[in-house]
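Dock chain C against chain W, hints included.
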Amino acid sequence: MTMEDKLVIALPKGRILDEAMPLVRGAGIEPEPEFDDPKTRLLRFTTNHPHIDIIRVRSFDVATFVAFGAAHLGICGNDVLMEFDYPEIYAPLDLGIGRCRLSVAEPVDLAEADDPRRWSHVRIATKYPEVTRRHFAARGVQAECVKLNGAMELAPSLGLATRIVDLVSSGSTLKANGLKEVEVLAEIASRLIVNRAALKTRPGEMTGWIDRFRAVCEARHAA
Amino acid sequence: MTDTAIRALLPAGLRDLLPPDADYEAEVVARVMAHFGAQGYERVKPPLIEFEDTLLDGAGAATAAQSFRVMDPLSQRMMGVRADMTPQVARVAVARLAQAPRPLRLSYAGEVLRVKGSQLRPERQFGQAGLELIGSTAPAADAEVIVLAAEALAELGVPGVSVDLSLPTLVPALFAELRLDAAARDCLREPLDHKDASGVAAAGGPAAAILTALLRAVGPVDAALSVLAGLPLPPAAAAERDRLAEVVALVRADAPDLTLTVDPVENRGFEYHTGVSFTLFSRAFSGELGRGGRYLAAGGEPATGVSLFLDGVLAVLPGPKRPDRVYVPAGTPRPWAQALRAQGWVTVAGLMPTADSVGEARRLGCGHVLGADGVEPAE
Numbered sequence: 006m007t008m009e010d011k012l013v014i015a016l017p018k019g020r021i022l023d024e025a026m027p028l029v030r031g032a033g034i035e036p037e038p039e040f041d042d043p044k045t046r047l048l049r050f051t052t053n054h055p056h057i058d059i060i061r062v063r064s065f066d067v068a069t070f071v072a073f074g075a076a077h078l079g080i081c082g083n084d085v086l087m088e089f090d091y092p093e094i095y096a097p098l099d100l101g102i103g104r105c106r107l108s109v110a111e112p113v114d115l116a117e118a119d120d121p122r123r124w125s126h127v128r129i130a131t132k133y134p135e136v137t138r139r140h141f142a143a144r145g146v147q148a149e150c151v152k153l154n155g156a157m158e159l160a161p162s163l164g165l166a167t168r169i170v171d172l173v174s175s176g177s178t179l180k181a182n183g184l185k186e187v188e189v190l191a192e193i194a195s196r197l198i199v200n201r202a203a204l205k206t207r208p209g210e211m212t213g214w215i216d217r218f219r220a221v222c223e224a225r226h227a228a
Numbered sequence: 002m003t004d005t006a007i008r009a010l011l012p013a014g015l016r017d018l019l020p021p022d023a024d025y026e027a028e029v030v031a032r033v034m035a036h037f038g039a040q041g042y043e044r045v046k047p048p049l050i051e052f053e054d055t056l057l058d059g060a061g062a063a064t065a066a067q068s069f070r071v072m073d074p075l076s077q078r079m080m081g082v083r084a085d086m087t088p089q090v091a092r093v094a095v096a097r098l099a100q101a102p103r104p105l106r107l108s109y110a111g112e113v114l115r116v117k118g119s120q121l122r123p124e125r126q127f128g129q130a131g132l133e134l135i136g137s138t139a140p141a142a143d144a145e146v147i148v149l150a151a152e153a154l155a156e157l158g159v160p161g162v163s164v165d166l167s168l169p170t171l172v173p174a175l176f177a178e179l180r181l182d183a184a185a186r187d188c189l190r191e192p193l194d195h196k197d198a199s200g201v202a203a204a205g206g207p208a209a210a211i212l213t214a215l216l217r218a219v220g221p222v223d224a225a226l227s228v229l230a231g232l233p234l235p236p237a238a239a240a241e242r243d244r245l246a247e248v249v250a251l252v253r254a255d256a257p258d259l260t261l262t263v264d265p266v267e268n269r270g271f272e273y274h275t276g277v278s279f280t281l282f283s284r285a286f287s288g289e290l291g292r293g294g295r296y297l298a299a300g301g302e303p304a305t306g307v308s309l310f311l312d313g314v315l316a317v318l319p320g321p322k323r324p325d326r327v328y329v330p331a332g333t334p335r336p337w338a339q340a341l342r343a344q345g346w347v348t349v350a351g352l353m354p355t356a357d358s359v360g361e362a363r364r365l366g367c368g369h370v371l372g373a374d375g376v377e378p379a380e
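Residue numbers (my numbering), protein chains in the order written: chain W, 6 to 228; chain C, 2 to 380.
Read the hints as simulated data drawn from the structure, not as lab findings.
All C-beta atoms, glycine included, are put in the ideal place defined by N, C-alpha and C.
Warning: the hint list may mix true and false statements.
As the list claims (entries may be wrong) - Computed Cβ-Cβ distance ranges for the label pairs, DEER-style: (1) Glu35/W to Gln126/C: 41 to 51 angstroms; (2) Arg63/W to Val71/C: 35 to 45 angstroms; (3) Val113/W to Arg16/C: 46 to 56 angstroms; (4) Glu35/W to Gly368/C: 36 to 46 angstroms; (5) Phe89/W to Arg16/C: 21 to 31 angstroms; (6) Leu115/W to Asp73/C: 30 to 40 angstroms.
As the list claims (entries may be wrong) - Taking lysine to aspartate or glutamate pairs in the EDC-like style, the calculated list, with each CA pair at most 20 angstroms apart, reads: (7) Lys117/C to Glu135/W; (8) Lys11/W to Asp23/W; (9) Lys18/W to Glu88/W; (10) Lys117/C to Asp99/W; (11) Lys18/W to Asp114/W; (12) Lys11/W to Glu210/W.
One chain only, chain W, in its complex shape (with noise of 0.2 angstroms):
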């Protein structure tokens, strides 16, 4: 077997992980034991198919994997698809996993008289600068982003930045920092992501396996 003929899936740490196992299991794909093992310091695992790999890397670092073809497939949230809009990622498939929101949220004494139909110009902590951006701009809105890559919710109250925009599931993170939920961008779940040019170079495999994991969705939303 030649490198090309290698697959290699590209799966995000972390929380969405576990509930991506399941269907990643559920479509005949088992990793070597060794992925279940917390402190491995192995990022790159053999599965059951000999020639099929899983690599584990941050879900923003999987976009960029699946984008340039280092690796096939991959499992992302659309957050991370929007942020980047990669033209070589396809998303055929919406996994209904790692549900949740991208929001604007603000200080909750803020939010009482705040009138988000007003503002003119507005800065913003966040992980996603481009959405942010992009959001604004179609409301005719200045968006000044601050770049952060974790814990946006300590923004606000040390004064880095008035608002911010990220992501929401229950909101207990939010309402244990002193913020409130006031706009949802986007709502969000993990996609199935494949690389363009292996759909089109290897289009019966990649075509199979994006069946079977729809199949396997569809199996989880009857029962």
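Positioned in the frame of chain W, the structure of chain C alone reads:
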């Protein structure tokens, strides 16, 4: 100027090609052009830069955002540097070769310059080699162009060539039939581009059902054609679909082993195309190797063609073999070196006498040296 500035750096997306790669690129271009030439395509050479209004007219309009502009101090008019050679060749065909018999077969090779690279393909200057077939609406013309391009790549040694066929007019025809307004079309374009079925279903409104069905047609050619055949398409779109099936049958007949896929919703990069269009891929490369398709040249003349992107093609080829070089010490009679070149050696002449000609040969990258008893390995 500082030292760093002298050593330095080219603008982003531009680069120097060094030995042996520069030679290799020229060789690849020559082989592609010979392949096209042998099948009746005659080479033309338009200029690097021309007036903006002719360069960006018609088929060129799609490259407007990608073209560098300068002002011509002589005529005081704006000129554009070509970002794609196809519109230039179409202009040549219609303006200079209007009297030439149709179908007109032209080929070209040259460099193009673009304002911006993409993250996946940062090159802003790269080589194009291509052909245009002007003045025929026959499906055989579409098939000829596809087969020639795929053959050219296979002959160069590109592994696992595949052709992705698309119908850029199909989705607009559906939109028109369903009377979708511009805003609704814009909302659908993004999920369609990413083959995002749930996004299409959410934004589709009256078009959702048929567009989701079209997304299921993305894939291997036989399955795709049968899905397309079962769809209730409006007459304009149905005509496109039938034409695609005809072209596929002709390509199959000429190139039975070529991998064909269909993507009826692909639109990006096909802004000026009016019929069956295609993108060339290789299993060994994650980018595009070329693209082409049917369009209207100035004056509404039907045309189809293809451009190969040489940066991609070179990336997937195994790369140059350095020729055998032999060091010929200073003072060797010229006919001796000539005799070696006639045998296929590349000779590198010494300019000054040297005591250690083997060492000198190695220093200059020669595997061999001309000694007293003829060519010897430089060891």
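Quiz item: Are the Cα positions of Lys117/C and Glu135/W separated by 20 angstroms at most?
Solution: 18 angstroms, holds
Exercise. Kindly confirm whether 46 to 56 angstroms is satisfied by the beta carbon distance between Val113/W and Arg16/C.
Key: 54 angstroms, holds
Practice problem: For the pair supplied as a hint, Lys18/W and Asp114/W, confirm whether the alpha-carbon distance does not exceed 20 angstroms. | Solution: 35 angstroms, violated
Quiz item: Does Asp23/W lie within 20 angstroms of Lys11/W when you go C-alpha to C-alpha?
Solution: At roughly 25 angstroms apart (the allowed maximum being 20 angstroms), Asp23/W and Lys11/W break the hint.
Exercise. Take the C-beta atom of Glu35/W and the C-beta atom of Gln126/C, compute their distance, and say whether it sits inside 41 to 51 angstroms.
Key: 47 angstroms, holds
Quiz item: Between Phe89/W and Arg16/C, is the Cβ distance one that fits in 21 to 31 angstroms?
Solution: 25 angstroms, holds
Exercise. Kindly confirm whether 36 to 46 angstroms is satisfied by the beta carbon distance between Glu35/W and Gly368/C.
Key: For Glu35/W and Gly368/C the Cβ distance comes to about 51 angstroms; the hint is violated.
Exercise. Measure nothing beyond the straight line between the CA atoms of Lys11/W and Glu210/W; if it is 20 angstroms or shorter, mark the hint as holding.
Key: 12 angstroms, holds
Quiz item: Is it true that the CA of Lys18/W sits at most 20 angstroms from the CA of Glu88/W?
Solution: Given that 20 angstroms is the threshold and the Cα spacing comes to 18 angstroms, the pair holds.
Exercise. Starting from the range 35 to 45 angstroms, see whether the pair Arg63/W and Val71/C falls in it by beta-carbon distance.
Key: 44 angstroms, holds
Self-check item: Distance restraint evaluation - Leu115/W, Asp73/C, Cβ atoms, bounds 30 to 40 angstroms
Solution: This hint is violated: roughly 56 angstroms between Cβ atoms.
Quiz prompt | Satisfaction of hint between Asp99/W and Lys117/C, Cα-Cα up to 20 angstroms | solution = Distance ~32 angstroms between Lys117/C and Asp99/W Cα, so the pair is violated.
Consistency note: the structure conflicts with the earlier hints numbered 4, 6, 8, 10 and 11.
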